[in-house]
Each structure stands twice: as structure tokens, then as C-alpha cells.
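Visitor: Hints are included, so try docking the two chains, each in its own frame, into the full complex.
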Amino acid sequence: MTEALRPVFAPWNDPDEKPLIQFKNVTKRFGDFTAIDDLTIDIFEREFFALLGPSGCGKTTLMRMLAGFATPTEGTILLSGQDIAPIPPNKRAVNMMFQSYALFPHLSVWENIAFGLKREGIKGDALNSRVDEMLRLTRLERFARRKPHQISGGQRQRVALARSLAKAPKLLLLDEPLGALDKKLRQDTQFELMDIQEKTGTTFVIVTHDQEEAMTVASRIAVMDEGRMIQVDTPARIYEAPNTVYVADFIGDVNIIEGRAIPSGEHVQIAWGEGVSDITGTTDKSFDNGEKVHFAIRPEKVSVSVEKPDDTPNAFQGKVLDIAYLGNLSTYHVEMPNGQIIKTQSANTRRLSRRAITWDDTVWISFTATAGVLLKG
Amino acid sequence: MRRFALIAIPYFWLLALFLVPFAIVFKISLSDIALSIPPYLPQLELAKGWEGFTKFLGALDFENFEFLMMDDLYYKAYLSSLKIAAISTFLTLLIGYPIAYAMTRASEEWRPTLLMLVILPFWTSFLIRVYAWIGILGQEGFLNQTLMFLGLTSDPLIILNTPIAVYIGIVYTYLPFMVLPIYSALEKLDDRLLEAAEDLGCSRIKAFWLVTFPLSRGGIIAGCFLVFIPTLGEFVIPSLLGGSNTLMIGKVLWDEFFSNRDWPLASAVAVILLLILIIPIILFQRNEQKQRESEG
Ligand SMILES: Nc1ncnc2c1ncn2[C@@H]1O[C@H](COP(=O)(O)OP(=O)(O)O)[C@@H](O)[C@H]1O
Ligand SMILES: [Mg+2]
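Just so you know, the protein sequences line up as chains X and H, in that order. Here the numbering used here is used: the first residue of the first sequence is 1, the next is one more, and so on. Here the numbering used here is used: the first residue of the second sequence is 1001, the next is one more, and so on.
So here's chain H without its partners, still in its complex pose (with noise of 0.2 Å):
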């Protein structure tokens, strides 16, 4: 009985926290569109029994989907949120890397602060953060104020408002979730491991690149799940920095929900995008299981 009551519970999270809202939504997206509170119909209404279930069953369609295909706006808006959400995994990865390397190479008194300093951004809002680079990043910012000042450029550089802004926004914002997981791979690799590689006649580099590296695999993979999966549904980072250039799917999503009032062809865009990211989750799950296997 206790048995069943400890695996209940994260059955229980699962089907209260993300099995009830996405029939909800996946409902809606069957919906149509119509102005009513809410905005789509039909509803159940459970008061007219057995006859208004069928009744409401048969009102639903695929209609949203058919139009997601038809319409190439939204296939568009798809692939450049993959591609934003590639590219910037990448640049998270090859910024994070030497980072977390840093860490571990640090002395061990000094490893906890560094840590911190890693984890400090999340005391502060998400979105303060993000509009402190619409500070930075404008015509008239900190960027390019110092650069002009500097002299390395005579007119201010054009940043904002482009997907270059929407990629730094991206790395900064998700950049610890790159460097922990990669951290504390690192941190568990045993030095005597690549002594043993210099003893065998590897250099330091080379000793990185067959024994560190490969043992890190498993936090590099995790880390770039991590970013790749939020950052592919993003949506306030390409609103507030990416302006009316960048093209991604959150962006859509929102746009549907709050200025078309589509509540149903909204629900659609997401129950595709989750579709598009179970893939990479249960990639995702698989590479834990394994690290835990080789581990045990």
C-alpha cells in the first residue's frame, strides 16, 4: 500500500500537471473559433447527458491542422525556431564548455562561489534581465556608447531587432543550464585518469580530446537538451530583442492566442510543437539513463 502510494504520487504530478491541461488544449484545438467566453466552441455540456456528449464529439475536427499545413507561415516560423534553437544550443555549448572546464579546474575553496556566480542571474526577474539588454544592445546603448567612444565604430551597429540580439539573449539566458550539467561531469572525472593518459604518451591537449572530453559527453548532451528544448518554444526573448525579424514559433503561438484571439488554431501550433519535442525529451531521457547505468 505504502508502495503504491510513493509511485501514485509522481503518476498523480504527471496527470494533474501535464496530462489534464494538454487534453484541454488538445481539446481546444479541435475547437472553432467563435466569439463567445471562451472563444471557441462547442463546450461540453455534461447537463444534456449521453445525447450532448456525442453531439460535442462530433463538432470536433482537424480543421486548425489542415490550416497550420496549408498556410507556410507556420512551417516557416517551425524551422527557423529549430534553427535558432540549433544554432544557439551550439554557441551555449561552446561558450559553457570552457566555462565549466574553468570551474573544475579551479581551486577547491574557490569552486562554491563560482557556482554561485553561475546561479546569481535566476535571483533576479527573467524579464528585467532581458530588457537590460534592450539597454545594451540599442542604437543609443551601452554597447555601442563604449564602442563609439572606443572609436571602433564611427556609426552605432545595428543589433538590436535582429536575430544576432535574439542569440545573445538566448546564450545569456540559458547559459547555466549548459555549465552545470557539463560541470558536474567534469567534476567527477578522476585526475589519475588523464595522468594515465600522459603516461601512455598523450599530450595534455590530446589527453583533453581522448579522455576528458568523451567522459564529459554525457553532460554535454544533457546540457544541450536543456537549452534546446525551452529555447525552441521561446517566446519573450525574440518579442522583446528580435523585434519583427525573427520569426518563431512562441512568437506565432502568442500572437494566435492574444492578438487573433484563435484560441483554438493557438492550441494547434502547440500541441504540434510538442509533438516536434517529444523527440529530443525522450532522447533526453534515454541519455540519463544511460550515464546512470554506466555509473551503477
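Here chain X stands alone, though its shape is the one from the complex (with noise of 0.2 Å):
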């Protein structure tokens, strides 16, 4: 499953490809709180579509409007061309699964998970099968008979998975599905949900405040903030090419460096204080003579070592403040002379080297001309 073996998918750069979701300057009020504020956006078939944002952004409300429990206050939402509005939740093609898991406390797992399917007229031995397929999926076989009180936070969670996907709709909603499980559960059912994208075409929209999760399955991702996208892209750029400061610091770890702009032909120079030279970047933006600007670099981009770099047009000297080892990596926060501390991480590739770097050290931090963003504002 190279990418030279797999056409790449991408449909939102073709513009013959129709969207499956599409909204439409949705605004939804509460009162006079704006909770989704001028939304337009489109969402394709088969896409695995995460949402991303701080706790009351309005992930859940967006989700909601999909699943027809809440009207849009303005604008429209259309599902394959189609305005949803007048359409009752029970006769959407969309299944959701609940924050809360709202699972039926008076039935058993089984039963929670059949429900959906002896709604469409599914019985006997079709009814059965598809039940224990998706306990198997789940791995709930042991807790079947059991009654949603009887079991584990993580074990509800699951459960509610597996009751939205039993219908195989073709849209499926999952409120923060994972939220619950440990690390490597949550992982296996990670793999789990995009092997399941890949069999059934269903498309996925997933609410998440775990940004690896983000990154490991979405095919694209949106930042959210407010009730408003930030940033609507595939995880690599919304990774590599942050456009704002709100999104590069949002996802993953990253040094934020203030500075002043000077242009220089296809360089920017970035003035960032007192005793240190400037920054030499690229970017595609335009910067005005001493405009104001954000330099967004991710630890990994910044190398460290004891002797001085060739080569490199951004190279400074500073202090080792904090070495942390996590294994497979190392982190140094290395203090600038005018007091910003850079964090780097390197990868530990070989076992047990003789540390040639400790603390109070002088060392040396370098970084390429496009290895950091600059970032307006």
C-alpha cells in the first residue's frame, strides 16, 4: 500500500468530484451564543473527516446538525445534493455515536447492538451474524449478555461503536469514540475503523481531542476554534504548514519565535532579540519591511551538537537547560542568549552512545531555511 501502488486520494483538488457533505454558511446559535459561526465546507465519500479543537468548539453541535438532532439557525447542509433539513434523524443514512455512548440502559449489549439492524426488518440468522461480527470487531463476544451498567467505561464505549456501525450507514458520526480505551486498544480499534472504512466506503466524520488519533487516521483534518475551521487540510500539511499560529500549536509540539521581518530577495530574515542573528526562512507570504511575525518550528526540525554547523544559514549558541530521554527519543530545551528556550528533539539511534551532550552545556542548534513556518500575526 505504497503511495506509487495507490492512487493518491485527494477528491477535494478534483473539481469534478461532488461532495457528500457540504455546509453551506451553517450558522447555529443558542440563544445569542454563536456556537458554529459562517461555516462552509465540504466533506467526500469515503473520506475519514476529523475534527479537532479545544472542548466547546462546536464539534459536537456540527455533529449533531448532521445527525438531525439540532437545525442550522442559517445556512443549509446538503447530504449528496440533497438539503437534510426536512429530513427526520430516523430516515438518515448517517449513524452517530454518542459522547455519552447513550446506550439502553434496560437491554442488554446484544440487544443495544441489534437495535438499529431490527429497526430495517434485519431478523434470525442475518440479525445474529451481524451482531457477533460486530461484538468480535469490538471484542465485547465475553460481555453479550451483559447489561451496559455491568460493564467497563471502555467496554460502553465499544459498545456504542459497535451499535453505529452495525447499520454500515453510509455516513457515520463518532463523538469522540476512543476517548476511553487505554493506548493500545485504542490503537487496534484505530486500524480497526480504517479497515472498516476501507471495506464498507463509509465516510467518517470523527470528533477527537487526541491529535495522534487525528493524524493516524484522518484523511483530512479541521481545526476548530470557536465555532469557526482554522484549518482544513490533510494531516501532513496541517503538520508541516500550520497557517496560523492557533493551528502549529495546537498539533504536536513546536517552538513559537516572535520576530520582526526583513525581506531579502527569496529569503526572509527574522529579527527575534537581543544577541542573537537573525532567522533566515522561506515562505510563499509577502512580509513587510519590520512587520510582525510568528516563526513556528517543530523540535524534530532543530539539530543539536557541540561543535559549530557548516553550512547551515541558521546556527546559534546557547545554554542546555533540560534534557529529558524518552527512549526512543531525546529532548533538549536549550536557553537562547535573549532568554527564548528552543526545544529540540533527536532521535536516539544508537543504543547506550556515550552522551556527549549534558547539562549546562554550550551547544550549537541549526536548522534549514524551510525547516519553520512564518506565520502572520
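It should be emphasised that the hints constitute simulated quantities derived from the structure, not laboratory data. Misleading hints may appear alongside valid ones.
Unchecked claim - Here are the simulated lysine-lysine pairs, DSS-like style, with alpha carbons at most 25 Å apart:
id, chain 1, residue 1, chain 2, residue 2
1, X, K147, H, K1188
2, X, K343, X, K308
3, X, K147, X, K199
4, X, K147, X, K118
5, X, K343, X, K301
6, H, K1206, X, K170
7, X, K147, X, K18
8, X, K123, H, K1206
9, X, K118, H, K1206
10, X, K308, X, K319
11, X, K147, H, K1083
12, X, K91, H, K1206
13, X, K285, X, K376
14, X, K123, X, K170
15, X, K147, H, K1206
16, H, K1055, H, K1076
17, X, K123, X, K18
18, X, K147, X, K123
19, X, K118, X, K199
20, X, K343, X, K292
21, X, K18, X, K170
Stated by the list, open to error - Examples of chain X residues lying across from chain H (beta carbon under 8 Å, computed):
id, residue
22, A67
23, F69
24, T71
25, N90
26, F98
27, A102
28, H106
29, F115
30, R119
31, G153
We put the CB at the ideal spot given by N, CA and C, even for glycine.
Guide: Here's what the structure looks like:
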């Protein structure tokens, strides 16, 4: 499944592609509080669309509008080109996994999963085999006869997931589906979800506040804040080319350096304080001389060395403030003469290598001109 | 020691307010009617010591119970009471459930007021309220006057002193006991469950029958028992509204006590009534316990 063998999945770049879901200037207000603010977005068939954002930014509200439990105050939502506003939730080819699970407490795990299938008139062997398949998938076989209050939080979450998957809907909405699972099971389930998606062609919209999860599963990530989409892009672009400080800061670890831009030819120099030379960066945005700029650079793009490295436009001397050994990685916190602390991260490729750098050492940090991004404002 | 004291209080309560009175009633039911004060024999004469006690025991017998078995008035009264209690419980449920449901659908700020309105009748005397029904249901009562004024009937309907009046009285009186437990069960219901049901393909009505109704079952059962148990022994409502046409064991009991002054027979009636009630009371307790377990 290398990129070469599989055509790149990027329907959002194809102007002929029809989106499955279209939000057109959707606004949702509760009283005078705006939960979703003039949102326009297309989501395509077979996408694994992740909504990422802090608590209260409107992710659940967005999902509820898709499922039919809330109607937009303004704007329209189209599903396969059709306005879904008049379609009641039970007639939509959409299933939702609730953040609070919403399992039926009077029904067993088995009955919970069978609930939606029975409403479609599926019975007998077809019902049994489908429910058993879902139980196997979520590893709940042993708990089939239990009631929701007799199983753990993680197990309940899996029941909720199985119940929403059972009907194999066209669009599946997952509201923080894996939050209560431990790391191992969560990773397994993530791959399971991707596998289901491959097999069934279901479109997933998934809410998560685990950015690693979003990076793993998503075809595109939407980073939200206060009811608006700040950036919608592939995981790689969200990570490597964030469009705002907010996005850069939200996804992964990052050094944010504030400075003044000095355009010089194809590069931009950034003055970032007393006692340090300017940073050399590249950008396709145009900056005025002296304009305020944020330079965002990921720790793993910064190297540390004892000797001054050659052939690099950006090399700065500083003092090691802190070292953290994370097994596969080591991170160094290096203090610059201007007081700014730069985090660096490097892979520990050699076992038990003699640590050349230790606390309070004077070291050089360096990075290439293209390693970081320049952000306005 | 403190634990003991804590446990002792409810047991003492039970002993003082239930077991001791029951023992007294049971003893009277085994006695014979007599023209004396109190109107039964034997009396326990502690002054005569052990001999007095054995003589006392020897005089007790089950004659009254045998009499109850022989005269079909009594078992008919029991059956009729069971029937009236069952039908009125069902009617109360039929009316109480929609009320409770509507209350939980009302907006948050209205709910305390609605709850107050349900409890409000308790603020006036039960007797006065039942008398009021006489005024409403009688031949020249409000109801008939209104109906005749509207031209819906030419002759007054005969409701008072029929079983219908008894049902009206019971449903009216015991409605809060049905509404409150159902309300409390429905109020706990998470709206997300209904959304999930709809999401999985249920219509609103189907979601009600598959989710709301089964989840309010605990409240329904509690409400039914709370209505059924007191209704079975009800005396005031059938005697004021039912006239002589309604046979209920509570009325028989009253007549035996106060008209015939046959305390022993009346006590026997009461003991059997209690035995009949023990079954639903135990079932009720079991329901409550199961409810607590499934929540816990
Ligand atoms: N029914 C509602 N009434 C009023 N405010 C609401 C309602 N639902 C959500 N909100 C508000 O809208 C905002 C977004 O909520 P939500 O979509 O649940 O956020 P998220 O899922 O991203 O944490 C929150 O500030 C929340 O308080
Ligand atoms: Mg949420």
C-alpha cells in the first residue's frame, strides 16, 4: 500500500468530484451564543474527516446537525446534493456514536447492537451473524449478555461504537469514539476503523481531541476554534504547514518564535531579539519590512551539536537547560542569549551512545531555511 | 454500639407501629364477642399469674375465621375490593402516565410549579374533597346541571351511589401517588437515549415504546402498588360515593366494628385483608430493590 501503488486519495483537489456533505454558510446559535459561526466546508465520500479542537468549540453541535438533532440557524447542509433540513433523524442514512454513549440501560449489550438492525427488519440468522460480527470486531463477545451498567467505561464505549457501525451507514459520525480506551486498544481500534472504512466505503466524521489519533486515521483534519474552522487540510499539511499560530500550537510540539520580518530576496530574515543573529526562513507569503511575524518550527527539525555546524543559514549558540530521555527520543531545552527557550528533539538511533551533551553545556542548535514556517500576526 | 442504635431505631418503629398493633388485632380476632367493655372475651388477667395465662390461651380460637369462610358476603366483598382496586389502579395509570409524561416534557422552569399542582390537593382535608365530589356528581350536582344546561342530556345522569362514582373518587384521590413515581422515573431519562433510538431508525412513537416506556417501568410498578394497596382497604370513598351498591371490604370492616360492635369478627376481616396485602407489598419492595440495584 505504498503511495506509488495506490492513487492518491484527494477528492477535495478534484473539481469534478461531488462532495457527500456540504455545509454552506452554516451558523448555529443557542440564544445569543454562536456555537457554529458561518461555516462552509465540503466533505467527500470515503473520507475520514477529523474534527479537532478544544472543548466547547462546537464539534458536537456540528455532528448533531448532521445527524438531525439540531437545525442550523442559518445556512444549509446538503447530503449528496440534497438539503437535509426536512429529513428526520430516523430517515437519514447517518448513524452517530454519542459522546456519552447513550446506551439503552434496559437492554443487554447484544440487544443494544441489534437495536438498529431490528428497526430495518433484519431478523434471525442475518441479525445474529451481524451482531456477532460487531461483537467480535469490538471484542465484546464475552459481555454480550450483560447490561450496560455491568461493564466498564471502555467496554461501554465499544458497545456504542459497535451499535453505530452495525447498520453500515453511508455516513458515520463518531463523537470522541475512543477517548475511554487504553492506548493499545485505542490504536487497534483506530486501525480497525480504517479497515472498516476501506472495506465498506463509509464516510467517517470523527471528533477527537487526541491529535495523534487525528493524524493516524484522518484523510483531512479540520482544526476548529470557537465555532470556526481555522484550517482544513491533510494531516501532513496541518503538521508541516499550519496556517496560524493557533493550528501550529494545537497540533504537536512546536517552538513559536516572535520577531520582525526583514524581506531579503527569496528569503525572509527574522530579527528575534538581542544577542542572536537573524533567522533565515522561506515563505510564499509576502511580508513588509518590520512586520510582526511568528516563526514556528517543530523540535525534531532542530539539531543540536557541540561543534558549530557548517553550511547552514541558521546556527545559534545556547546553553542546555534541560534534557529528557524518552527512550526512542531525546529532547533538549536550549536557552538562547535572548532568553528564548528552543526545544529540540532527536532520535536515539544508537543504543547507549555516550552522551556527548549534558546539562549547562554550551551547544549549537541549527536548522535549514525551509525547516520552519512564517506566520502572520 | 452506635451502629446498633441506628439499626434499632427502624426496628423499634416497626415493632411499635406495626407488630404490636397487629398482635393486638390478631388476638382480638381469636376472641369471642361479649357484652362488655372492651366488647370481647377473654381478657388477659396478669394478676392471676400463669394459671390465668393458660386459661386465657385456652379461650382463644379460630371461630371468627371459620365464620368468614362460611358467609359468602365476606369473600364477595374481598373479591369486589380486589376488582375495584385493580380497575381503579389501571384507570389511574391511564390518566397518570400522560400527566407525568407531559410534566417531564414541560420546560425546566415550569416543572416545580406543575409538581406543586399535583401535590396541592393534599393541602385540604381528604374528607372535604370527597364530599365535594358528592356535590359534583349528585342528581342536582354541578356535573348534571352543566350537562343539562348544555343540552347534552335531558334527564340527570345517575352517577352518585354507583361504582362509577367510586372509581372517580379513587382515581381522583390517588392520582398523585401514580404521577409522582412515574414522573421521577421519566425525569431521570436521558434525552440522548431517545436521540440514539431515532438515529437507529425509530420514529418518535416507536422510540417511546422501545425506550421511554420500558425505562419508566419501575415508576409504573411503584405507582400501581401505591394506588392498589391503599385502595384495597379503602373505606371512606365507597361509603360516601358508592352508596349501598358498592361492596368493599373496608366498608364491611367498618360495619362490623361500629354497627355490629363485633370487634373479633372485624379483626378477623382485617387480618385476612392484611394477608392479602402482604403479597403485593413484598412484590413492591422487590421492585424497589431491583430498581436501586440497576441504578447502582
Ligand atoms: N443545547 C444547547 N444550548 C445552549 N448551548 C449549547 C447547547 N449545545 C451546545 N451549546 C454550547 O455550544 C458550545 C459548543 O458545544 P459543543 O458542540 O458540545 O462543543 P464540543 O463538542 O466541541 O466540546 C458550548 O459552549 C456549549 O455550551
Ligand atoms: Mg463534544
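Visitor: Run every hint past the structure and note whether it holds.
Guide: Outcome of the hint check:
no., hint, result
1, K147(X) with K1188(H), "18 Å, holds"
2, K343(X) with K308(X), "18 Å, holds"
3, K147(X) with K199(X), "30 Å, violated"
4, K147(X) with K118(X), "18 Å, holds"
5, K343(X) with K301(X), "10 Å, holds"
6, K1206(H) with K170(X), "23 Å, holds"
7, K147(X) with K18(X), "43 Å, violated"
8, K123(X) with K1206(H), "18 Å, holds"
9, K118(X) with K1206(H), "12 Å, holds"
10, K308(X) with K319(X), "13 Å, holds"
11, K147(X) with K1083(H), "37 Å, violated"
12, K91(X) with K1206(H), "13 Å, holds"
13, K285(X) with K376(X), "9 Å, holds"
14, K123(X) with K170(X), "21 Å, holds"
15, K147(X) with K1206(H), "21 Å, holds"
16, K1055(H) with K1076(H), "36 Å, violated"
17, K123(X) with K18(X), "35 Å, violated"
18, K147(X) with K123(X), "21 Å, holds"
19, K118(X) with K199(X), "23 Å, holds"
20, K343(X) with K292(X), "22 Å, holds"
21, K18(X) with K170(X), "15 Å, holds"
22, A67, "6 Å, holds"
23, F69, "5 Å, holds"
24, T71, "14 Å, violated"
25, N90, "5 Å, holds"
26, F98, "6 Å, holds"
27, A102, "4 Å, holds"
28, H106, "5 Å, holds"
29, F115, "5 Å, holds"
30, R119, "4 Å, holds"
31, G153, "16 Å, violated"
Going through the hint list in order, the structure does not satisfy hints 3, 7, 11, 16, 17, 24, 31.
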